[in-house]
Amino acid sequence: MIEVSDLSKRFGAKLAVDHLSFTVEPGRVTGFLGPNGAGKSTTMRLIVGLDHPSGGFATINGKKYADLVNPLRTVGALLDSKSVHSGRSARNHLLFLAQTQGLPSRRVDELLDLVGLRDVANKRAGGFSLGMGQRLGVAAALLGDPQVLLLDEPVNGLDPEGVLWIRNLMKHLAGEGRTVLVSSHLMNEMAVTADHLIVIGRGRLIVAAATEDVIARGSGQAVRVRTPEPDRLTDLIVAEGGRAIPAVNGSNGAERGDQAPVLTVTGIPAPRIGELAASASIVLHELTPQLGTLEEAFLELTAGSLEFGHLNPEPAGQSTEGTI
Amino acid sequence: MSVTAASGQLESAAAPSGYRLGFARLMLAEWTKIRSVRSTVWSLGIFVVLTVGLTALLCWLTVHAIETAQAPRRSTELVGDPVSFIFQVSLGFGQLAICVLGALTMTTEYSTGVIRASLLAVPKRLPVLAAKCAVFAALIFVVAEIVCFVSFFVGKAVVRPVVDVSLSQPGVTRVVIGAGLYLTVLGLFSLGVGSVIRHSAGAISAVIGMVLVIGPLLSLLDSYSWGRHVHDWFPTVAGSFITRTQLQPDQVLTPWQGFAVFCGWTVLLLAAGAVLLNRRDA
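Those sequence lines, one after another, are chains Z and P.
For the first sequence, our numbering assigns the number 1 to the initial residue and increments by one for each residue that follows.
For the second sequence, our numbering assigns the number 1 to the initial residue and increments by one for each residue that follows.
Simulated from the structure, these hints should not be mistaken for laboratory data.
Cβ atoms here follow ideal geometry from the backbone N, Cα and C, with glycine treated the same way.
Please note that a few of the clues may not be correct.
[Stated by the list, open to error] Cross-link-like lysine to aspartate or glutamate pairs, in silico, DMTMM-like; alpha carbons within 20 Å at most:
1) Lys82/Z with Asp67/Z
2) Lys156/P with Glu145/P
3) Lys63/Z with Asp80/Z
4) Lys14/Z with Asp281/P
5) Lys124/P with Asp67/Z
6) Lys14/Z with Asp67/Z
7) Lys124/P with Asp51/Z
8) Lys63/Z with Glu3/Z
9) Lys82/Z with Asp159/Z
10) Lys14/Z with Glu3/Z
11) Lys64/Z with Asp113/Z
12) Lys64/Z with Asp281/P
13) Lys123/Z with Asp113/Z
14) Lys82/Z with Glu145/P
15) Lys171/Z with Asp119/Z
[Unchecked claim] Just a few of them, taken from the derived set where beta-carbon distance is under 8 Å, the chain P residues facing chain Z:
16) Arg25
17) Leu26
18) Ser75
19) Glu77
20) Thr108
21) Gly113
22) Lys124
23) Leu268
24) Ala271
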């Protein structure tokens with residue numbers, strides 16, 4: 001369990017983390033969401049003591065990170081920034097970490113197998129692809145078989161297979177009763193991975209709630225519609241009180257050889273758009289409800305924070321009104 | 001890689017518990033770090049080749065010059081203080097490799113980001129620096145003493161036609177052992193500079209600037225009494241006294257005093273590095 005209590009971090013004039021409080025429970029994957037620059041990485045660095053807080057504190061299983069004996073056996077962290085010497089082999093990187101914790105070198109080989117780096121274990125890490133580097137980071141995080149995991153953007157740079165692997169691994173680890181905190185700026189990724197979400201913006205807590213609640217309220221109501229008769233459909237949608245704007249990016253369909261224009265419809269749910277089209281005998285090539293990107297959800301969340309007031313027993317804004 | 005495999009691996013790793021964070025383990029980890037990068041091998045290789053090679057080459061050139069061209073000034077220098085002659089130039093170059101290695105040992109932690117992994121493993125921070133210093137000092141001491149003794153015997157053999165020199169002569173053993181001690185402390189001094197400056201280029205420039213530029217420039221001040229004090233108390237100058245058999249005229253510090261001063265500077269620098277390591281965000 002991770003507890004963050006009134007945590008703040010100031011870099012010069014900028015308050016990167018602003019009186020942040022939340023709890024990460026064991027046994028589930030907790031997504032840590034926010035747009036780039038929201039303070040996710042800084043918060044994680046504060047939790048593991050790499051940065052010194054300007055105020056407040058964070059504890060892991062009731063202890064400050066610096067007070068943990070053999071910290072890697074309690075907490076595994078995969079941080080955003082690189083932490084491997086490009087001239088050192090993957091095996092030696094894991095080996096020195098294992099040695100600091102009194103772990104046997106056999107454990108290093110187990111981890112190399114687990115993350116699929118056995119064949120390149122003795123190669124210089126500088127030659128690793130982004131995905132291999134990320135696997136090495138995961139191996140380092142899991143080295144001490146920790147009860148608590150902090151993963152900062154773990155799927156960055158991974159291919160689809162790697163993304164799936166990380167996703168399943170996180171779910172599995174949480175299923176074993178471990179505490180898993182994983183940050184991302186991608187709402188869609190979190191939607192399929194996390195059971196619980198902590199959303200922050202400008203260093204402040206916006207909402208902490210179950211994932212489905214956040215997505216239901218946070219995702220845009222936009223529907224992507226592809227039709228050869230966009231003008232007629234637009235008229236119908238406008239008559240119904242919705243909005244339809246030509247989508248700038250229709251490249252997905254164009255790749256498949258479909259040159260029909262794409263509309264982004266808001267204000268009307270997908271089934272109703274289908275009914276409207278059917279009633280006017282308009283052909284639809286595509287009708288896709290869009291899960292909002294985090295940025296969209298985030299904008300909505302900040303704009304209509306009252307909407308979320310009841311989801312969040314302690315709105316972060318209260319203690320910091322007027323700071324930003 | 002399936003999750004099932006993951007669980008099996010993780011369960012098997014419910015490794016022995018109850019270990020306490022021991023300094024010996026940190027030293028082992030630092031040894032793994034230092035032996036697993038090429039800069040260590042390269043720097044020490046260059047150090048060995050440069051020091052032993054230049055000793056042999058310069059001694060041979062000098063002996064050759066004396067025997068064929070009857071160079072009287074060279075002859076006076078060599079016969080007057082053969083041990084210093086054997087060491088002064090080769091050590092002057094060889095020590096640069098130690099400076100580079102000392103600085104890099106600390107600065108690459110920062111430039112590569114390994115410091116974050118290190119501090120995650122050892123959040124108390126200071127033991128990392130202490131273990132690194134201990135392992136690095138032990139490594140440099142062993143290598144430097146071997147190189148100094150080998151250089152001495154190589155040089156001794158080469159200059160034998162002109163002058164006989166042996167470890168039993170006054171001050172000679174002290175110089176040979178002292179040269180290794182000087183290099184060890186110089187390495188730690190560079191490591192200290194690296195821990196304060198944290199950038200490879202900056203730290204290397206600072207140390208080499210002190211050794212090659214500031215130290216020699218300060219000798220220009222030796223016509224003043226205060227200038228001699230400034231010169232003699234300058235870290236790398238004070239430390240180098242132990243590598244000479246004969247005191248300079250008006251020298252303020254004895255060889256061992258000079259070495260103590262150099263050690264003092266190094267301790268101060270490492271203490272500053274320790275304070276900064278604790279205080280800074282990693």
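Which of the numbered hints above does this structure break?
Hints 1, 3, 6, 10, 11, 14, 15, 18, 19, 23, 24 not satisfied by this model.
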